[in-house]
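**Student:** Here's the letter readout for the chains.
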Amino acid sequence: MSAIMQQAVPAGTAARGAIRIEDVVKIYDPGGAAVMAVDHCSLDIKAGEICMIVGPSGCGKTTLLNAIAGFHDITSGRILLDGELLCGADKPKAEPGSDRIVVFQNGALFPWKTNLDNVAFGPIMQGKLRPAEAKEKALSMMADAGLSGVEHNYPGEISSGMRRRVEIVRALMNDPKVLLLDEPYRALDSLTKSVMHEALLEIYYKNKVTIFFITHDLEEAIFLGHKVAIMTTRPCKPKKILEVDIPHPRDYSVLTSRRFRELIEETNEAVHEEALKAFAAGEKEG
Amino acid sequence: MLEILKKTMPFQVVSDTMLRRIAELGKRVAYDKAAIIYDAGDSAGDIYIILSGKVEHTLEPGVNARRPVQLLGAGDVFGWAALLEKFPHRLAKAVAIEPAEIVRINGDDLLRLLESDPDSGDVVMSRFATMITRDYTVPDLIAQMRAIHRKLHSSDIQGMNLTMYRLSLWLKSPRPYLMLIGFGLFLSFWYLAVEVWKLPRFREMPGLTVVIKEWLNPDPSYGLSIYTAEYYQHILVSIWRVTQAFVLASLLGVPLGLFLGWSRKFKEYVFPVFETLRPIPILAWVPLAIVMFISTESAVIYLTFLASFFATALNTMLGVESIDESYVRAAYCLGAKRHQVFRHIIIPGALPFIFTGLQISIGVSWFSLVAAEMVSGQYGLGYVINTSYTMVRYPTIVIGMITLGFVGYVTSAMVRILGDYLMQWRVRELALGGQ
Chain A
1 MSAIMQQAVP AGTAARGAIR IEDVVKIYDP GGAAVMAVDH CSLDIKAGEI CMIVGPSGCG
61 KTTLLNAIAG FHDITSGRIL LDGELLCGAD KPKAEPGSDR IVVFQNGALF PWKTNLDNVA
121 FGPIMQGKLR PAEAKEKALS MMADAGLSGV EHNYPGEISS GMRRRVEIVR ALMNDPKVLL
181 LDEPYRALDS LTKSVMHEAL LEIYYKNKVT IFFITHDLEE AIFLGHKVAI MTTRPCKPKK
241 ILEVDIPHPR DYSVLTSRRF RELIEETNEA VHEEALKAFA AGEKEG
Chain B
287 MLEILKKTMP FQVVSDTMLR RIAELGKRVA YDKAAIIYDA GDSAGDIYII LSGKVEHTLE
347 PGVNARRPVQ LLGAGDVFGW AALLEKFPHR LAKAVAIEPA EIVRINGDDL LRLLESDPDS
407 GDVVMSRFAT MITRDYTVPD LIAQMRAIHR KLHSSDIQGM NLTMYRLSLW LKSPRPYLML
467 IGFGLFLSFW YLAVEVWKLP RFREMPGLTV VIKEWLNPDP SYGLSIYTAE YYQHILVSIW
527 RVTQAFVLAS LLGVPLGLFL GWSRKFKEYV FPVFETLRPI PILAWVPLAI VMFISTESAV
587 IYLTFLASFF ATALNTMLGV ESIDESYVRA AYCLGAKRHQ VFRHIIIPGA LPFIFTGLQI
647 SIGVSWFSLV AAEMVSGQYG LGYVINTSYT MVRYPTIVIG MITLGFVGYV TSAMVRILGD
707 YLMQWRVREL ALGGQ
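Sequence lines, in order, name chains A and B.
Residue numbers for the first sequence follow my numbering, beginning at 1 and rising by one.
Residue numbers for the second sequence follow my numbering, beginning at 287 and rising by one.
The shape of chain A in the complex, shown without the other chains (with noise of 0.2 Å):
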């Protein structure tokens, strides 16, 4: 904690990993009945800054996740990654690519490698390092994020939480410009859950990659998000952005906050709002 406080590193600082989300529409039309899933959806997202997706199970999050990461087309409107265009009216499905990593909501370590041949996978796939050079990066950057012992444990062998930073781990091993991640710690259970968060923040404020994290845990994202998008249920598109004026960096100290309160306040109402349409709509899918 006191190594967190001691790194004064102001947030936003990275040159790169701007993400602009331009009036983007998504319809799924699954044997003609056309499902819209994001609507008119814009968001700004300046480089390195932690923009936390907040909204019901359901509503279409993980359809804007999954454009930005290129698994699935968009109908409408454009992605651009630092002025660069991803995805848009020529070309309606981004290139998966190293730049932009996502971590998945189960997590998807492989589970026939060991932690350490998972962590190296991406250098090594991309040809940009040797195998040994690459174990050898891996073997630092796990130590450095406390993983040091079970390098050579497969990941059926470690506690879900030390698997969800390993997978970060991984992700980081590639320099990306933009981390993506999707209810990573949905399955924990809330001990565990605020020890990943100081975790996630020491690595965010050595890396300073952008970080576009979806959740439906309201206090989850004002803890560690600049910017909180709370989104409205089918269709998604942002109901509130609310930039969260706590400084960085944060601890555990800051749940208890007055401010951290009052914005709890201010914003739970929107988020009720719209979990209760969506439990009226009857959504159960993540």
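If you're looking for bench data, these hints aren't it; they were derived computationally from the structure.
Treat the hints loosely; a few may be bogus.
Dumping the calculated PhoX-like pairs for lysine-lysine here, alpha-carbon to alpha-carbon at most 25 Å [to be verified]: (1) A:Lys-46 with A:Lys-93; (2) A:Lys-135 with A:Lys-113; (3) A:Lys-93 with B:Lys-623; (4) A:Lys-206 with A:Lys-135; (5) B:Lys-313 with B:Lys-292; (6) B:Lys-553 with B:Lys-623; (7) B:Lys-379 with B:Lys-293; (8) A:Lys-137 with B:Lys-623; (9) B:Lys-623 with A:Lys-135; (10) A:Lys-206 with A:Lys-137; (11) B:Lys-313 with B:Lys-379; (12) A:Lys-227 with A:Lys-193; (13) A:Lys-137 with A:Lys-113; (14) B:Lys-623 with A:Lys-113; (15) B:Lys-340 with B:Lys-313; (16) A:Lys-93 with B:Lys-551; (17) B:Lys-340 with B:Lys-293; (18) B:Lys-623 with A:Lys-91; (19) B:Lys-551 with A:Lys-91; (20) B:Lys-623 with B:Lys-551; (21) B:Lys-293 with B:Lys-313; (22) A:Lys-128 with B:Lys-623; (23) A:Lys-206 with A:Lys-46; (24) A:Lys-240 with A:Lys-46.
Residues on chain B that point at chain A, a partial pick, calculated with CB under 10 Å [what the hints assert, rightly or not]: (25) Asp-408; (26) Met-411; (27) Ala-415; (28) Arg-432; (29) Tyr-618; (30) Cys-619; (31) Leu-620; (32) Val-627; (33) His-630; (34) Pro-634; (35) Leu-637; (36) Gln-710; (37) Trp-711; (38) Arg-712; (39) Glu-715.
Glycine is no exception: its CB is placed at the ideal position from the N, C-alpha and C atoms.
Fit chain B to the known structure of chain A by using the hints.
**Tutor:** What follows is chain B alone, placed relative to chain A:
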């Protein structure tokens, strides 16, 4: 002391020789009532195992444990801070609340001992980690254990060691003895039904003693026993045919299955044909096989191959289709190209299903081999059974059947061992009881 050690969560899984060496490291110490064993902040050197008595273990508030106070009794292990990576000092206070006898083991010595056998050492350390996060609910950031240093590339031995480890566990469990009882019941029913009670329909069957006498007879009345060279020739011929058919079926079936699962277009071309041919029974292929192949030998191998091939290809395809989409997406995210995804995600991801397929495949290959050998061929266990029938050598039929059972079991076990060897990650997960 060994008995107590064996009951503790971290050491349950250790071999007896290792346990003895661990026990040798321990020092027995007696504590009076209210004696403070250690206090938070003390430097941590030893771990403790309670032989008798009760100890109150209070974690310091800074650890944020959910259950700070625990009452420990015989068989409990505490003082694990001695094995932690970053906290070589005590995180808790331990007090004997009644006179207690306790074994102390130096953490460094224990670690050194575990390093001499990294396979069980790893299991012990991860058991410790699980115990700490589960029983003491200390965040796993803190509960990180010091590493067991092992040489890289020792991985190829581990697969075999795990198989041996499982074998030794199996021998120690009641399972083998239950299995023996099962066989005993089966054989005694056979004996009683045929030779003692002479039940209707069983009366004409060859009895247990007749079969065994014939089987172990240096001078068998029907010409086949473990003393005749012919017996082994039949076995070898059958094994050789199954091997050829199985290898061929795997070499063709696995790649076909991989491509069927990997490429939707390929599947659309091939799968309907595949699914039409697959249900055709092997016996229906016999006439065509004889017409197709001039030599009966190739006809037999072809028939044996067919059934295996379909089982392998189908299971491999299902294996590819069962792979979680996230793995594929994650690989693309990390910059892998299509062929790399195939090599690093699709193949290893499908491996559990592939090996299920291979196990089925080796089973059906014996099945279809016997069918094929009965129809044509000059040697082999199927041939033995068929000719013994026409020549009224009933005990020899049963010898052939039992031999088939044994050989089939052994080959299927070999496939399973190969699977364990190639899928250590899975074996290790299972060995730890999963997550």
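**Student:** Decide, hint by hint, whether the structure agrees.
**Tutor:** Now the hints, each set against the structure:
1. A:Lys-46 with A:Lys-93: 22 Å, holds
2. A:Lys-135 with A:Lys-113: 13 Å, holds
3. A:Lys-93 with B:Lys-623: 17 Å, holds
4. A:Lys-206 with A:Lys-135: Judged against 25 Å, a Cα distance of about 20 Å means the pair holds.
5. B:Lys-313 with B:Lys-292: 17 Å, holds
6. B:Lys-553 with B:Lys-623: The hint holds at about 21 Å.
7. B:Lys-379 with B:Lys-293: 24 Å, holds
8. A:Lys-137 with B:Lys-623: Cα-Cα ~22 Å, so holds.
9. B:Lys-623 with A:Lys-135: Between Lys-623 (chain B) and Lys-135 (chain A) the Cα gap is close to 20 Å, so the pair holds against 25 Å.
10. A:Lys-206 with A:Lys-137: 16 Å, holds
11. B:Lys-313 with B:Lys-379: Distance of about 20 Å is within 25 Å: holds.
12. A:Lys-227 with A:Lys-193: 20 Å, holds
13. A:Lys-137 with A:Lys-113: 17 Å, holds
14. B:Lys-623 with A:Lys-113: Within the cut-off at roughly 18 Å; holds.
15. B:Lys-340 with B:Lys-313: With a Cα-Cα distance of about 18 Å, the restraint between Lys-340 (chain B) and Lys-313 (chain B) holds, given a limit of 25 Å.
16. A:Lys-93 with B:Lys-551: 21 Å, holds
17. B:Lys-340 with B:Lys-293: Satisfied, since the Cα-Cα distance of roughly 17 Å is no more than 25 Å.
18. B:Lys-623 with A:Lys-91: 20 Å, holds
19. B:Lys-551 with A:Lys-91: 24 Å, holds
20. B:Lys-623 with B:Lys-551: 19 Å, holds
21. B:Lys-293 with B:Lys-313: Within the cut-off at roughly 18 Å; holds.
22. A:Lys-128 with B:Lys-623: 13 Å, holds
23. A:Lys-206 with A:Lys-46: 18 Å, holds
24. A:Lys-240 with A:Lys-46: Holds. Lys-240 (chain A) to Lys-46 (chain A) sits at ~17 Å (cutoff 25 Å).
25. Asp-408: Check passed: Cβ of Asp-408 (chain B) comes within 7 Å of chain A, closer than 10 Å.
26. Met-411: 8 Å, holds
27. Ala-415: Given a least distance of 8 Å, the restraint on Ala-415 (chain B) holds.
28. Arg-432: This hint holds: Arg-432 (chain B) lies near chain A, its Cβ roughly 7 Å from the closest one there, short of 10 Å.
29. Tyr-618: 4 Å, holds
30. Cys-619: 5 Å, holds
31. Leu-620: Hint on Leu-620 (chain B): holds, closest Cβ of chain A at ~4 Å, below 10 Å.
32. Val-627: Holds, because the Cβ-Cβ distance from Val-627 (chain B) to chain A comes to roughly 9 Å (cut-off 10 Å).
33. His-630: It holds, given that the least Cβ distance between His-630 (chain B) and chain A is near 7 Å, below 10 Å.
34. Pro-634: Given a least distance of 4 Å, the restraint on Pro-634 (chain B) holds.
35. Leu-637: It holds, given that the least Cβ distance between Leu-637 (chain B) and chain A is near 7 Å, below 10 Å.
36. Gln-710: Given a least distance of 8 Å, the restraint on Gln-710 (chain B) holds.
37. Trp-711: Hint on Trp-711 (chain B): holds, closest Cβ of chain A at ~4 Å, below 10 Å.
38. Arg-712: 8 Å, holds
39. Glu-715: 4 Å, holds
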